[in-house]
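Asker: Could you build the full structure based on these sequences and the hints that come with them?
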Amino acid sequence: MTQPAQSTSNPLLQLWRNQESRGVIIQIVTMVVVFALLAAIARNVVINLEAVGKEFSFGFLLWPAAYDIGFSPFLEYTNRSTHLRAAVVGLLNTLLIAFWGCILATMVGFVLGIMRLSSNWLVSKLSYAFVEFMRNVPILIHILAIYAIVVTLLPPVKKALNVGADAFFLSNRGFYVPSPVFEDGATLVGIVLLLSIALVYFFKRWARRQQDDTGKIYPVLWVSLGILVALPGITFIATGMPLSWDVPVLKGFNFKGGMAIKPEFLALWLALSLYTACFIAEIVRAGILAVSHGQTEAAFALGLRPNRALQLIIIPQALRVIVPPLCSQYLNLTKNSSLAIAIGYMDITATLGGISLMQTGKEMETMLIVMGVYLVISLLISSFMNWFNHRIKLTER
Amino acid sequence: MSETSTTPRYAPGTHPDLPPPRRTTGALGWVRMNLLSSPLNVALTLLSIWLLWTILPPSIHWLFTGAIWTAVDRKECWALMDTPRDGACWAFIRGSFELFVYGWYPEPERWRVNLTFILFVAAIVGALRENIPGKKYWLIFAAAYPFIAAWLLLGGFGLEPVGTNKLGGILLTLVVAVTGISFSLPLGIALALGRRSNLPALRAVCVIFIEFIRGVPLITLLFVASTMLTYFLPPGSTFDLLMRVLIMVTLFASAYIAEVVRGGLQGLSSGQYEAADALGLSYWKAHRLVILPQALKISIPGIVNTFIGSYKDSTLVLIIGMMDILGLGRARLNDPDWLGLAPELYIFIALFFFISCFAMSRYSLNLEKKLQTDYKS
Chain U
1 MTQPAQSTSN
11 PLLQLWRNQE
21 SRGVIIQIVT
31 MVVVFALLAA
41 IARNVVINLE
51 AVGKEFSFGF
61 LLWPAAYDIG
71 FSPFLEYTNR
81 STHLRAAVVG
91 LLNTLLIAFW
101 GCILATMVGF
111 VLGIMRLSSN
121 WLVSKLSYAF
131 VEFMRNVPIL
141 IHILAIYAIV
151 VTLLPPVKKA
161 LNVGADAFFL
171 SNRGFYVPSP
181 VFEDGATLVG
191 IVLLLSIALV
201 YFFKRWARRQ
211 QDDTGKIYPV
221 LWVSLGILVA
231 LPGITFIATG
241 MPLSWDVPVL
251 KGFNFKGGMA
261 IKPEFLALWL
271 ALSLYTACFI
281 AEIVRAGILA
291 VSHGQTEAAF
301 ALGLRPNRAL
311 QLIIIPQALR
321 VIVPPLCSQY
331 LNLTKNSSLA
341 IAIGYMDITA
351 TLGGISLMQT
361 GKEMETMLIV
371 MGVYLVISLL
381 ISSFMNWFNH
391 RIKLTER
Chain W
398 MSETSTTPRY
408 APGTHPDLPP
418 PRRTTGALGW
428 VRMNLLSSPL
438 NVALTLLSIW
448 LLWTILPPSI
458 HWLFTGAIWT
468 AVDRKECWAL
478 MDTPRDGACW
488 AFIRGSFELF
498 VYGWYPEPER
508 WRVNLTFILF
518 VAAIVGALRE
528 NIPGKKYWLI
538 FAAAYPFIAA
548 WLLLGGFGLE
558 PVGTNKLGGI
568 LLTLVVAVTG
578 ISFSLPLGIA
588 LALGRRSNLP
598 ALRAVCVIFI
608 EFIRGVPLIT
618 LLFVASTMLT
628 YFLPPGSTFD
638 LLMRVLIMVT
648 LFASAYIAEV
658 VRGGLQGLSS
668 GQYEAADALG
678 LSYWKAHRLV
688 ILPQALKISI
698 PGIVNTFIGS
708 YKDSTLVLII
718 GMMDILGLGR
728 ARLNDPDWLG
738 LAPELYIFIA
748 LFFFISCFAM
758 SRYSLNLEKK
768 LQTDYKS
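Taken in sequence, the protein lines are chains U and W. Take 1 as the starting number for the first sequence in this note's numbering and just add one per residue. Take 398 as the starting number for the second sequence in this note's numbering and just add one per residue.
Hint data in this document are derived by calculation from the structure and do not stem from the laboratory. Some hints here could point you the wrong way.
Subject to a maximum C-alpha distance of 20 Å in a straight line, what follows is the list of computed EDC-like cross-link-like pairs (lysine to aspartate or glutamate) [claimed, not checked]: (1) K682/W x E20/U; (2) K766/W x E282/U; (3) K694/W x E765/W; (4) K472/W x D732/W; (5) K125/U x E282/U; (6) K251/U x D166/U; (7) K563/W x E656/W; (8) K709/W x E282/U; (9) K709/W x E656/W; (10) K256/U x D166/U; (11) K563/W x D637/W; (12) K709/W x E132/U.
These numbers come from a predicted model, not from an experiment.
Answerer: Pasting the structure below:
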């Protein structure tokens, strides 16, 4: 490199020309700019808050929240409860919709993805049309449209549709289903169920080790199913069947007994799950296609039976491709559940970030908490994803 | 043994190709192979046909044959049908169509919106078509388009000024989406380069920004834009709501673009970086001439997917009270003349988004095939 003679005499320019010192300069400048920006924002916030007579504190969380939450399945909540309690109710509702949404989305997604790969032309094309339609229309439209269908097109409570067995009713006020009533001894059944799950887990590990050591294959699936059904079943009968169903019955203007799945929950659940399922379907399809045909052939050449080949060769390899994007779809579903506010399902965005914000005027504090909650959920899901990725990573030699 | 004497004999390797088995050719063969190859498939086919039979004819009747296209209100619509509500009342959409497209843009100035739309199509075609003469100028035009559009829509410099509160409907949807898309790309590339940089402070800033934005829902960022962004600004300064929303949408999309571009940068073999270094190229030259052209090429499908995502996300502005196509449509539903026509409205808007998003995703697939330069066995 030829440098002009006069520049070598300038020490500043020399520093800039040196790669290491230039790196340091750039970093110092970046940090100064970032911190100056943050400081300016902080200063503006302080001045502006003072100008409108607000102070930055989280004390409002203990004030009574004077609004109702129509859907609080876990916690007791009245309009005299605090904003903090409203926030917790909202958080639980967010987690509830995310949990059930992920389950339904995974099931529908796998079915759609496998249908898409079906050798049956009609089935494959039906899945294709559904997937393309659902994922090319914004999720908000799905939520609003399904909500509109539930609220306006379903019959009123008095003429509720009997969907099955005089126990399931569909109306524009929600989906009425029987609720379980646990009697004495139900806890024992629950404990036995947990124990048998643990037993199955250890049996599986033991069988895997036996296979690794001796090559002997045990019928894991049937034994597990047997343990899972038989042990709790026997306890259930032995304790005198401590479970009954509270069936909803139409009395006057409303249903008595049973559980009502609110239309807001129903619409949000269906919309989120179906929308996410379409993305999952594509992921599943890509994952299965990513396992090269040679792997199947090699498995057969080794003399594995088709179901063993699927279980030992194809599924583990497909899962390696499927799981990381699947996790980010779960994350998307959780974040999209914040659209609940559009139809009045009370999740954390609607309670704390919506009504509490409007009532207390604490924009800063409420939004900080809401964003923090979503960030924590995101970080938890992505750290699980990283852990899983690390576990199933292809170890190359 | 007599049969062998009648069949002609061929030297090894000279036997002409036999026609495929009759069972596998022709329409019937196709049906047998693709629909009826096993008992399970027969059942699935029957199930699918039953499904289509129960869904399609009523839908077609409701959408087309039983639909009413001209009426003054819903009562007239339903009076025109054999049984009320048996068909769609497209008169609702037709009657509000101008509102849905232009929002409240003043009537005499609407030619500016039309011109913006036309220039939009021109910019897209010019930027995407290969082998177009003067490609360089088209690209410059496409890059300058957002500013031209802003001038045309908002006025000033010789044009009648129009307030941003007059924007609405499809116009607003496109404004939000196009701004988000065009400004998030350069910002996203910069963030990706920052994240890949070997300067720890720069990298930390980019990582924190990207992970923060990707960790929260867009709706919370929009709440921030609508309720508390003014607190961040020097006292006394106000800021147009649309502007604040556009900034948030851009920042949001840029974090996702950054991750896509980072994937592209990581997908490049390290030999490319080393080769650029060996040629003595500086950081910027190496990136401009060697790294980015290749990295961006691999990330095009992901970038288009992010664009589709931010296009769909533009509907979220309705939650903070802006009247994009969805917000405006929902407001129209409260019109006493057209109460209860939600299905028509949502189908219309869904179709609008479906057509544009599906076209984009098809284009991306197409491009992916065209850019596939490695040899696949």
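Asker: Indicate, hint by hint, whether the structure satisfies it.
Answerer: Each hint, compared with the structure:
Straight-line distance between C-alpha atoms of K682/W and E20/U comes to about 18 Å, which keeps the hinted pair within the 20 Å bound. Between the alpha carbons of K766/W and E282/U the distance comes to roughly 18 Å, so the proposed pair stays at or under 20 Å and holds. Restraint check: the Cα-Cα separation between K694/W and E765/W comes to about 9 Å, which is no more than 20 Å; the hinted pair holds. Between K472/W and D732/W the CA atoms are separated by roughly 13 Å; this keeps the pair inside 20 Å, and the hint holds.
Of the pairs offered as hints, the one joining K125/U and E282/U holds, with about 14 Å between alpha carbons and a cut-off of 20 Å not exceeded. This hinted pair checks out: K251/U and D166/U have alpha carbons roughly 14 Å apart, not beyond 20 Å. Distance restraint check for K563/W and E656/W: the Cα-Cα separation of roughly 35 Å exceeds the 20 Å cut-off, and the hinted pair is therefore not satisfied. The hinted pair formed by K709/W and E282/U meets the criterion: a straight-line CA distance of about 18 Å does not exceed 20 Å.
Note on K709/W and E656/W: the hinted pairing holds, with a Cα-Cα distance of about 19 Å set against a maximum of 20 Å. Simply put, K256/U and D166/U have alpha-carbon atoms about 13 Å apart, close enough for the 20 Å limit, and the pair holds. At roughly 13 Å between alpha-carbon atoms, K563/W and D637/W fall within 20 Å of each other, so this suggested pair holds. As the CA atoms of K709/W and E132/U are separated by approximately 14 Å, the hinted pair is consistent with the 20 Å bound.
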